[in-house]
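Trainee: Single-letter residue listing:
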Amino acid sequence: MKGPTSIKGRQDLYTSYGQDMGFLNTRPKRAWSGGLVVVALILPFMITDDLLQLLATGFVAAIGAIGLNIVTGYAGQVSLGHAFFLAIGAYTAAALSGPETGRVIGFGITSLPIWLLASGLVAALFGVLVAPVAVRLRGLYLAIVTLGLVFLGEHVFREWTSLTGGPGVGRPAAVPELFGVRLDQDSALFTAAQQLYLLMFVLLVIFGVLARNLVRSRVGRAFAAVRDRDLAASVIGVDLTRYKVLAFAVSSFYAGVAGALLFVVNGFFDPGSFSLLLSVQYIAMVLIGGAGTISGAIMGALFITLLPRITRELPTVLPFISGDATGVFTVFQLEAVLYGVLIIVFLIVEPRGLFGIWVRVRNYWRTWPFSY
Amino acid sequence: MDEFLQSLIRGLGTGSIYSLLALGFVIIYKSTQVISFAQPAFMLAGAVLVSYLSPAVSFVGAVLVAAVVIAVLALGVERTVLRPMVGKPVFVVAIITIGVDVVVRVVTNAFIGLDVRQVGDPWGLNTVSFLGAEVQQRYLVMIATTAVVTALLFLFFRYSRIGLAMRAVAYDQEVALAQGISVGSVFALSWALAGGLAALAGVFVATGAGVDQQLWIVALKALPAIILGGLESLGGAVVGGLAVGIVESLFGTYQNDFAPWLGPNFALVAPYALMLLVLLVRPYGLFGKREVERL
Chain P
1 MKGPTSIKGR QDLYTSYGQD MGFLNTRPKR AWSGGLVVVA LILPFMITDD
51 LLQLLATGFV AAIGAIGLNI VTGYAGQVSL GHAFFLAIGA YTAAALSGPE
101 TGRVIGFGIT SLPIWLLASG LVAALFGVLV APVAVRLRGL YLAIVTLGLV
151 FLGEHVFREW TSLTGGPGVG RPAAVPELFG VRLDQDSALF TAAQQLYLLM
201 FVLLVIFGVL ARNLVRSRVG RAFAAVRDRD LAASVIGVDL TRYKVLAFAV
251 SSFYAGVAGA LLFVVNGFFD PGSFSLLLSV QYIAMVLIGG AGTISGAIMG
301 ALFITLLPRI TRELPTVLPF ISGDATGVFT VFQLEAVLYG VLIIVFLIVE
351 PRGLFGIWVR VRNYWRTWPF SY
Chain A
373 MDEFLQSLIR GLGTGSIYSL LALGFVIIYK STQVISFAQP AFMLAGAVLV
423 SYLSPAVSFV GAVLVAAVVI AVLALGVERT VLRPMVGKPV FVVAIITIGV
473 DVVVRVVTNA FIGLDVRQVG DPWGLNTVSF LGAEVQQRYL VMIATTAVVT
523 ALLFLFFRYS RIGLAMRAVA YDQEVALAQG ISVGSVFALS WALAGGLAAL
573 AGVFVATGAG VDQQLWIVAL KALPAIILGG LESLGGAVVG GLAVGIVESL
623 FGTYQNDFAP WLGPNFALVA PYALMLLVLL VRPYGLFGKR EVERL
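Protein chains in written order, with my numbering: chain P, 1 to 372; chain A, 373 to 667.
Only chain P is shown next, with the shape it has when bound in the complex (with noise of 0.2 angstroms):
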């Protein structure tokens, strides 16, 4: 039963099923997917060391927002722990590849591949130790339960100093060593910022696919069935359990790479890092981005990591927002508060998100200039 696979001259109809649910399934798609990569891959020789940096960080935190709209945007299962998760790659990247000092503990197994797939497993398998509590509760009970892991998880790891070098003091991150480079060290012919962009754009790309992939195959399906109605789901056959446990061991997983790597562009960081903050800016990045969207969740995570640079440059154009941490109305507070007005203009007014917002103007364009 397979049809033509293209009508000559009526290359956008689609004559199976499987092309429609293909990788890149448009022509406009597979030009902007292209030239965004190509651009991307130009970026680094153009724009400053400082940006890059921020950029790198964006792009992890891409990641770990694929990861949290994996459970939580596909699979429906509400996560507000994804700072546990998060927390757990990077001391298990931080451990694996460390030295070992008097301080805390290390391996010394500096290759980035080794300790990276590392992190994101010891995460995943946190992820199935929660997952049957997840399968017993649903909506917001979950999401409570949740939380409550971060705090668990906060409190151990402020105890446990031999691992995180204790609160305040923290401990170096991982070491990204690839085929015997330092890619944090200048090398002869790029700077540290421009290895680590491109290091995490590849890994972007890589789990960004990934997680494409996954999602629109039977597994993704499956996700979204249980999230539209868990029970009608369950009824047509698919096995609750076996998919909330996968659900949240890809998630974890996810949130294990991004954590072992988020901290890597700064070199260091401390068990207060992994607060309920980090969770509710993993849930805002999703929701801005869109909930339910790959490129979403990379859209919102870029947005939120950028966010911060953007009202620092405020004070030039807005005088009457005071620079530093004296005046009367500061950046700092217009950056918390402009988290928390976000989240909610969003949801009111484009709850799909940024990507909402992109599928409209696409859809303006697509039939331009006869928009009706």
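These are calculated hints, taken from the structure and not from any lab test. Take these hints with a grain of salt, some might be off.
So the derived list for chain A, only partly shown, Cβ under 7 angstroms to chain P, looks like this [claimed, not checked]: (1) Val453; (2) Phe463; (3) Gly471; (4) Ala540; (5) Ile599; (6) Tyr644; (7) Met647; (8) Pro655.
Computed far set for chain P versus chain A, every beta-carbon distance over 10 angstroms [as the list claims (entries may be wrong)]: (9) Arg136; (10) Val156; (11) Leu163; (12) Thr191; (13) Val280; (14) Glu313; (15) Leu342; (16) Arg360.
Glycine residues also receive a C-beta, built at the ideal position from the N, C-alpha and C atoms.
Position chain A against the provided structure of chain P, taking the given hints into account.
Mentor: Below, chain A alone, put in the same frame as chain P:
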């Protein structure tokens, strides 16, 4: 024995704060099916307001005024931010309340500044002899106030017309609407009630130590309390709050002797551990309603 009694009273005292907060959470949940994460901000705002008002209009007057003002603030938030979201997925609404929380908290923090503000309560850290043990007066006041407030709430829901309307809305919104009950004003009123309760709780948290920017974290302890009690149960909220307070206080007193491997300050997270344990056995809390599932 004295030590035990002391930590029990301390636990009941802080537990009654959690109960007040938990009651607010449950009242909002029962009428709108949403957990309002804005409660911490309202609690903080209440305490800050009292710290500004109490020199002018005495402590008790300040508490009453603050409770009313915060209730009106919460009502305003419900009308402007939450009302457009009626009928949207509960998770989305819950996240919006996180946004509200952040905004209100940042604005309130600007009024706190970097130093600790005093609410001007008459008890301070004074102690009184109770059944042979020295206990702080403020804990006894908290227990008594919470008992009175809970009783008043019970009478309100049981006997007043508005209370009946609120129970009807909690039971079935559409049927309540068909009976001529204004569901919108019930939503607004439950936010106002929760705001007032949060303000009261905030003042109690601030007695003794004062108000600083980290005060809001205390309000999150009410979350294990409502999960313990079950999201739909007002009685469960009170019981859950007291249980959380007692567990926290007893862990604070005895854990160093009996289970030092849990690390110092485990008492602060003990409620969350308790919550996990209870949920493994009873997924809808102790008094929660088991949902009937159907297609």
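Trainee: Could you run down the list of hints and mark each one as holding or not?
Mentor: Outcome of the hint check:
no., hint, verdict
1, Val453, "holds (6 angstroms)"
2, Phe463, "holds (5 angstroms)"
3, Gly471, "holds (4 angstroms)"
4, Ala540, "violated (22 angstroms)"
5, Ile599, "holds (5 angstroms)"
6, Tyr644, "holds (4 angstroms)"
7, Met647, "holds (5 angstroms)"
8, Pro655, "holds (4 angstroms)"
9, Arg136, "violated (4 angstroms)"
10, Val156, "violated (8 angstroms)"
11, Leu163, "holds (12 angstroms)"
12, Thr191, "holds (36 angstroms)"
13, Val280, "violated (6 angstroms)"
14, Glu313, "holds (20 angstroms)"
15, Leu342, "violated (8 angstroms)"
16, Arg360, "holds (19 angstroms)"
In terms of the numbered hints stated before, the structure departs from hints 4, 9, 10, 13 and 15, listed from lowest to highest.
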